[in-house]
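Undergrad: Spelled out from the first residue to the last, the chains are:
Number of protein chains: 2
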Amino acid sequence: MTKTYIGIDIGGTNIKVGLFDSPISLLSKASVPTQADMGPAVVVERIANAAMDLLTQAKLGTEQIEAIGIGTPGPADYPNGVLFRLANMPKFENTPLRDMISAKLGNRPAVLENDANVACWGEFAMGAGKEIEDMVFFTLGTGIGGGIVSRGELITGADYNAAELGHVILYPDGRLCGCGQKGCVEAYASANSTAARANEALQNGEKSSLYQPFTKNGEVTSKEVFDHAANGDAVAIDIVEGTAKALATLCVNMLHTTEPARIVFSGGMIAAGDALLSRIKRYFNEYVWTIKSETIEICFATLGEDTGIIGAASLAKHMLSENH
Amino acid sequence: MTKTYIGIDIGGTNIKVGLFDSPISLLSKASVPTQADMGPAVVVERIANAAMDLLTQAKLGTEQIEAIGIGTPGPADYPNGVLFRLANMPKFENTPLRDMISAKLGNRPAVLENDANVACWGEFAMGAGKEIEDMVFFTLGTGIGGGIVSRGELITGADYNAAELGHVILYPDGRLCGCGQKGCVEAYASANSTAARANEALQNGEKSSLYQPFTKNGEVTSKEVFDHAANGDAVAIDIVEGTAKALATLCVNMLHTTEPARIVFSGGMIAAGDALLSRIKRYFNEYVWTIKSETIEICFATLGEDTGIIGAASLAKHMLSENH
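Just so you know, the sequences run in chain order P and S. The first sequence begins at 746 in our numbering and counts up one residue at a time. The second sequence begins at 746 in our numbering and counts up one residue at a time.
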């Protein structure tokens, strides 16, 4: 009998559903609009229909599903598969999402996990983290998400909210973060904060080629900051260096905490490519201790846009395996 | 047959040896001077003799030893039980200490681990960490040592040097640390750095009641700083607050990293008592995020001076158990 896995990636705008074979190769995928305002019953129906369509097209039924993995924004009661409330999905308060989805898919076993942890697991099992046992993972987007794998297992923490690495404080009494803390790395080095620091510099009247897009659109994006840095604009370079310094310091701190073999960056901002990665590596080497030489690798994620569904399917397989 | 465990705590000045029963209750203990300049063979002989004396007094032989645990300063090749070189014990370069000790004690199974990890494990299994699964541990002494337990296991890292938590950078471009980094928490909040910051303030001419011991001895100790803070000296209070702020920030960062249920402080500086602990808790509550309420406990270690031998024996039992 063909064994398959379903991976589900719940985003604020779209929900992706993937059908995978047993080695977690993608067989087929679909995307449906989230439309969270329709409420949990409708959204779950839509997810289940998308999964059923993928199965039917592959001439399979729910009895061929070994496990279902679901990645969701937090916070949530992950062990019990219940969402508390999501910032952009108010109707999903206290929704037993895992069991609702399972019930629509033949009551097959399902796992619910934080989206950053799911993406971390995807890269660990199937992407940039292959062949190692200890990894740290960052997503650089609106905020900074994190994931930690130690000895081949995700670190989930005492209350299932470990690896909120965007909220590690790097600059005490520094910039206010959306979480209520001051000086979080997320308040400096996410894509949004990189853009915000540039916008503030421009508002303060610093001379920069970024004035053109700033004047046109009322603000600049992190992509524009990296583009103008590449063209030699001093203000843009200073902002980009600040982002790289913060991320490099965070890498040093993770080395001294869980000591990964590899640190993997993902998310929209890695489109900046080597202009970001080489700077992070340079500052890491400048900042790290000298009493012991380190072989830790710092690199980019490799799975791309399907990370969420790959990670969800792969994590479901792992969590329900005997070896776990 | 009586099952016993041997715990060995190797310090620069003294080596402690403990004999434990199967629930890891201390049966008897001994202490011998390290005298590292005599070289590994002599030191190992002395350790083995101390252990044999304890066994003989208990009318037991090496065949009753289930496992031997050894805590040592690092760095070392812990999985293979080999010391690289210890700062104060140059003759111990590349010494296969674990197997040398085992050979003298009936070839019984032995485990070598970093002394901070050993102490962490002792508190986790037998002290302040009982009944929880996730703990972070700090020693506040000459430096700051660390240990992390996640889901009931020590985090050892890809290269067995995880949890070097004294070298987490809290103040980028800050005070130079002995490790070569700038701004490490150890450079601010260890007992030595707390005293050093006070001595620097006095050298800078700040008015303080600490001038009396400073003038008498050429320097002040961290104990004197806490004593004078308790008596209301403004400079001493400022130094103590700085120590507590750094440690509280480190606690916030560990909450967002491995998310322990409990953070345990140990080491000489916890003699300062509530003057230290209440300040750490106050700053933790001031600094931690507001988007989620936290129930993490911050407390002091409970095992006292026998932590090293208790931790070593307990860890040896754990590492050689089937459940590990």
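Bear in mind the hints are in silico, worked out from the structure with no lab data behind them. Each residue gets a CB set at the ideal place from its N, CA and C atoms; glycine is no exception. Please note that the accuracy of each hint is not assured.
As the list claims (entries may be wrong) - Computed cross-link-like contacts, BS3-like style, restricted to lysine-lysine with a CA-CA straight-line distance of at most 27 Å:
1) S:Lys927 to P:Lys1026
2) S:Lys1037 to P:Lys836
3) P:Lys968 to P:Lys1037
4) S:Lys927 to P:Lys927
5) S:Lys748 to S:Lys927
6) S:Lys1037 to P:Lys927
7) S:Lys748 to S:Lys836
8) P:Lys1037 to S:Lys836
9) P:Lys836 to P:Lys748
10) S:Lys927 to S:Lys968
11) P:Lys849 to P:Lys774
12) P:Lys968 to P:Lys927
13) P:Lys875 to P:Lys774
14) P:Lys875 to P:Lys849
15) S:Lys748 to S:Lys774
16) S:Lys927 to S:Lys774
17) S:Lys748 to S:Lys804
18) S:Lys1026 to P:Lys927
19) S:Lys836 to S:Lys849
20) P:Lys1037 to S:Lys804
21) P:Lys961 to P:Lys927
Unchecked claim - Computed beta-carbon distance windows for the label pairs:
22) P:Glu1050 to S:Thr1040: 36 to 42 Å
23) S:Glu808 to P:Cys1044: 49 to 55 Å
24) P:Glu790 to S:Gly987: 54 to 60 Å
25) S:Pro768 to P:Gly806: 17 to 23 Å
26) S:Gly963 to P:Asp918: 45 to 51 Å
27) P:Gly1049 to S:Gly987: 41 to 47 Å
28) P:Pro768 to S:Gly987: 52 to 58 Å
Undergrad: Now tell me if each hint is right for this structure.
TA: Outcome of the hint check:
{"no.": "1", "hint": "S:Lys927 to P:Lys1026", "in the structure": "holds (17 Å)"}
{"no.": "2", "hint": "S:Lys1037 to P:Lys836", "in the structure": "holds (19 Å)"}
{"no.": "3", "hint": "P:Lys968 to P:Lys1037", "in the structure": "violated (36 Å)"}
{"no.": "4", "hint": "S:Lys927 to P:Lys927", "in the structure": "holds (21 Å)"}
{"no.": "5", "hint": "S:Lys748 to S:Lys927", "in the structure": "violated (48 Å)"}
{"no.": "6", "hint": "S:Lys1037 to P:Lys927", "in the structure": "holds (15 Å)"}
{"no.": "7", "hint": "S:Lys748 to S:Lys836", "in the structure": "violated (34 Å)"}
{"no.": "8", "hint": "P:Lys1037 to S:Lys836", "in the structure": "holds (19 Å)"}
{"no.": "9", "hint": "P:Lys836 to P:Lys748", "in the structure": "violated (34 Å)"}
{"no.": "10", "hint": "S:Lys927 to S:Lys968", "in the structure": "holds (25 Å)"}
{"no.": "11", "hint": "P:Lys849 to P:Lys774", "in the structure": "holds (18 Å)"}
{"no.": "12", "hint": "P:Lys968 to P:Lys927", "in the structure": "holds (25 Å)"}
{"no.": "13", "hint": "P:Lys875 to P:Lys774", "in the structure": "holds (23 Å)"}
{"no.": "14", "hint": "P:Lys875 to P:Lys849", "in the structure": "violated (33 Å)"}
{"no.": "15", "hint": "S:Lys748 to S:Lys774", "in the structure": "holds (17 Å)"}
{"no.": "16", "hint": "S:Lys927 to S:Lys774", "in the structure": "violated (41 Å)"}
{"no.": "17", "hint": "S:Lys748 to S:Lys804", "in the structure": "holds (13 Å)"}
{"no.": "18", "hint": "S:Lys1026 to P:Lys927", "in the structure": "holds (17 Å)"}
{"no.": "19", "hint": "S:Lys836 to S:Lys849", "in the structure": "holds (20 Å)"}
{"no.": "20", "hint": "P:Lys1037 to S:Lys804", "in the structure": "violated (45 Å)"}
{"no.": "21", "hint": "P:Lys961 to P:Lys927", "in the structure": "violated (31 Å)"}
{"no.": "22", "hint": "P:Glu1050 to S:Thr1040: 36 to 42 Å", "in the structure": "holds (37 Å)"}
{"no.": "23", "hint": "S:Glu808 to P:Cys1044: 49 to 55 Å", "in the structure": "holds (51 Å)"}
{"no.": "24", "hint": "P:Glu790 to S:Gly987: 54 to 60 Å", "in the structure": "holds (57 Å)"}
{"no.": "25", "hint": "S:Pro768 to P:Gly806: 17 to 23 Å", "in the structure": "violated (53 Å)"}
{"no.": "26", "hint": "S:Gly963 to P:Asp918: 45 to 51 Å", "in the structure": "violated (34 Å)"}
{"no.": "27", "hint": "P:Gly1049 to S:Gly987: 41 to 47 Å", "in the structure": "holds (46 Å)"}
{"no.": "28", "hint": "P:Pro768 to S:Gly987: 52 to 58 Å", "in the structure": "holds (54 Å)"}
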